[in-house]
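Participant: Same order as they appear, the protein sequences are chains A and B.
The numbering used here puts the first sequence at residues 1 to 414.
The numbering used here puts the second sequence at residues 1 to 158.
One thing to keep in mind: the hints can contain errors.
[As the list claims (entries may be wrong)] Label pairs and their computed distance ranges (CB to CB):
id, chain 1, residue 1, chain 2, residue 2, range
1, A, E29, B, A15, 51 to 57 Å
2, B, A22, A, H276, 41 to 47 Å
3, A, P68, B, K139, 51 to 57 Å
4, A, N181, B, R149, 30 to 36 Å
5, A, R274, B, V5, 48 to 54 Å
6, A, P68, B, D117, 49 to 55 Å
7, A, N181, B, Y8, 55 to 61 Å
8, B, G50, A, E170, 25 to 31 Å
9, A, D335, B, E102, 42 to 48 Å
10, A, S75, B, S93, 30 to 36 Å
11, A, G288, B, E102, 41 to 47 Å
In short, the hints are calculated from the structure, not lab data.
Even glycine gets a Cβ: it sits at the ideal position worked out from N, Cα and C.
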Amino acid sequence: MEKTAEQPLVRWPSQGEARVPYRVFAEDEIYRAEQAKIFQGDTWNYVALEVELANAGDFKSTFIGNTPVIVVRESDGEIYAFENRCAHRGALICLENRGTASEFQCVYHAWTYDRKGNLVGVAFEKGVRGQGGMPDSFCKEHHGPRKLRIATLAGLVFASLSEDVPPLEEYLGDDIVGKINRVLFKPLEVIGRFTQVLPNNWKLYAENVRDTYHASLLHLFFTTFNITRLSQAGGVVISESGAHHASASVKTPETTPSTDTAYDAHRSSRDGYRLHDASMLASQDEIGDGIHVQILSVFPGFVLQQIQNCLAVRQIVPQGTDSMDLHWTYIGFADDTPELREMRLKQSNLVGPAGYVSMEDGAIGNFVQRGIAGAHDMESVIELGGFEAKTQDFRATESSIRGFWKAYRAYMGV
Amino acid sequence: MDEMVLTYRLARLNARYARSLAGDRLEEWPGYFEDKCIYRVTTRENHTEGLAGSLIYASSKGMLEDRVQALREANIYERQGYRHLLGMPHIASDDGAVVKAETDFVVIRTMRTGQTDLFASGIYLDTVASTPTGELRLKERVVVCDSSRVDTLLAVPL
Numbered sequence: 001m002e003k004t005a006e007q008p009l010v011r012w013p014s015q016g017e018a019r020v021p022y023r024v025f026a027e028d029e030i031y032r033a034e035q036a037k038i039f040q041g042d043t044w045n046y047v048a049l050e051v052e053l054a055n056a057g058d059f060k061s062t063f064i065g066n067t068p069v070i071v072v073r074e075s076d077g078e079i080y081a082f083e084n085r086c087a088h089r090g091a092l093i094c095l096e097n098r099g100t101a102s103e104f105q106c107v108y109h110a111w112t113y114d115r116k117g118n119l120v121g122v123a124f125e126k127g128v129r130g131q132g133g134m135p136d137s138f139c140k141e142h143h144g145p146r147k148l149r150i151a152t153l154a155g156l157v158f159a160s161l162s163e164d165v166p167p168l169e170e171y172l173g174d175d176i177v178g179k180i181n182r183v184l185f186k187p188l189e190v191i192g193r194f195t196q197v198l199p200n201n202w203k204l205y206a207e208n209v210r211d212t213y214h215a216s217l218l219h220l221f222f223t224t225f226n227i228t229r230l231s232q233a234g235g236v237v238i239s240e241s242g243a244h245h246a247s248a249s250v251k252t253p254e255t256t257p258s259t260d261t262a263y264d265a266h267r268s269s270r271d272g273y274r275l276h277d278a279s280m281l282a283s284q285d286e287i288g289d290g291i292h293v294q295i296l297s298v299f300p301g302f303v304l305q306q307i308q309n310c311l312a313v314r315q316i317v318p319q320g321t322d323s324m325d326l327h328w329t330y331i332g333f334a335d336d337t338p339e340l341r342e343m344r345l346k347q348s349n350l351v352g353p354a355g356y357v358s359m360e361d362g363a364i365g366n367f368v369q370r371g372i373a374g375a376h377d378m379e380s381v382i383e384l385g386g387f388e389a390k391t392q393d394f395r396a397t398e399s400s401i402r403g404f405w406k407a408y409r410a411y412m413g414v
Numbered sequence: 001m002d003e004m005v006l007t008y009r010l011a012r013l014n015a016r017y018a019r020s021l022a023g024d025r026l027e028e029w030p031g032y033f034e035d036k037c038i039y040r041v042t043t044r045e046n047h048t049e050g051l052a053g054s055l056i057y058a059s060s061k062g063m064l065e066d067r068v069q070a071l072r073e074a075n076i077y078e079r080q081g082y083r084h085l086l087g088m089p090h091i092a093s094d095d096g097a098v099v100k101a102e103t104d105f106v107v108i109r110t111m112r113t114g115q116t117d118l119f120a121s122g123i124y125l126d127t128v129a130s131t132p133t134g135e136l137r138l139k140e141r142v143v144v145c146d147s148s149r150v151d152t153l154l155a156v157p158l
């Protein structure tokens, strides 16, 4: 039953985005509303890399929120996407992760779709020996899976079920578009794919990605090896809506571990720690602007990561209130030298389910999910850097997390 | 090398490898490799497609030692233990100098809470060399997991 205006899904605390009610991570009703209002609402959702759909017929099956979708390159060179759901009785149309197809046929009753998602064939449409078949009133053009809008940017493919969402670049804003183009400035190549199953609500990961506060405190690797510290130069750029963010850190000579005292009191500061094989951290400033870590999010579920030369895209796929899949695609450029490719492979030890950094992000959301089990009427405190969700030229802030919640509240009407 | 002897030596190498990991003696783990070695953890899907991306990518014994040191001193994760059940080694080829072997594995994970799950299954694709004393060492171990999904995190090596 729909809640009335007097009974919102959740009553948001008066402090605004500086508080988040824990029930938003736990309740089925909220989860269902998110699917309708966010993932199927006026948002752009990452679905593929263009390089994964290089040739006519190349397809990928993936998800927008819960919704299974097929993304495919047509012979006209355009990319199309439609629900992976047969118009007949709702079965999945496509049962492969990736491949090349001239058309798609549902295995249940052999209804057939072209690469634009149009229903083009219905088995026994005219019946058998004049008997049975579809009524004369049945018109294939009136049936089919929902089609999605498609937009591409810098080799990324986004899709939307909304007719009303603004064009992708407008949705992102100039700052975020610039930060995406900054990293993905050449033709891409996929290096590997992994799925990390995170036993937590998808929004806890969305928070974690935007959380510049934790990076150098939870992740000892970053701090000790001077990859990123909050005392380094950098900052966070947040889109006007609050929805999207990009954080950057710049390695500066004055913040070497021996002279930086900002972390002296913290567990994560371990200057005596040295690698046996330091080649793992060797890097090139291939972009040439000195920014060695940039983490970028696009609301609701996309992350673009540059950690030195380790590049990846991450796609959040919610799996209920307390679980999500994180699809990692490690990327390089098509013109990588063997040396640069080897560098990317070595640095990839930092990320993914076994990553020196990312393994902790895999666990931390679950610690929250379990921690809040008995406290759905309580709320988290997100005040570092103030109460607003604005671009800031420092990183000791939770501004981008507040930005996420600002956008979330707007979409959800809470 | 005589096939029966070689099979026995491979099985003994794997048994020791598994004992070190199950017994939380991670410091012994790099010792099963040659100094110049490759250790990778990947998935069947990546392996089949020829993609080099890996969950763990080590191209020296030093990187294996760093993995152990990070798990001991740097990384934060909930206490958990893995039990490796290894199949009988299959000798894929033996040209007298280099042996290629394949061994199926199953890893069961037990968490601090007591929750026990099948964590991973797959195959070790090994290139093995013999030391002057007749001990076998891994020149290369590519751990190919059957599934591309990893629950939460991979802490202990596979």
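Participant: If a hint holds in the structure, say so; if it doesn't, say that too.
Facilitator: Structure-based check of all given hints:
no., hint, in the structure
1, A:E29 x B:A15: 51 to 57 Å, "holds, 53 Å"
2, B:A22 x A:H276: 41 to 47 Å, "violated, 24 Å"
3, A:P68 x B:K139: 51 to 57 Å, "violated, 43 Å"
4, A:N181 x B:R149: 30 to 36 Å, "holds, 32 Å"
5, A:R274 x B:V5: 48 to 54 Å, "violated, 41 Å"
6, A:P68 x B:D117: 49 to 55 Å, "violated, 26 Å"
7, A:N181 x B:Y8: 55 to 61 Å, "holds, 59 Å"
8, B:G50 x A:E170: 25 to 31 Å, "violated, 39 Å"
9, A:D335 x B:E102: 42 to 48 Å, "violated, 35 Å"
10, A:S75 x B:S93: 30 to 36 Å, "violated, 44 Å"
11, A:G288 x B:E102: 41 to 47 Å, "holds, 45 Å"
Hint violations for this structure: numbers 2, 3, 5, 6, 8, 9 and 10, all remaining hints satisfied.
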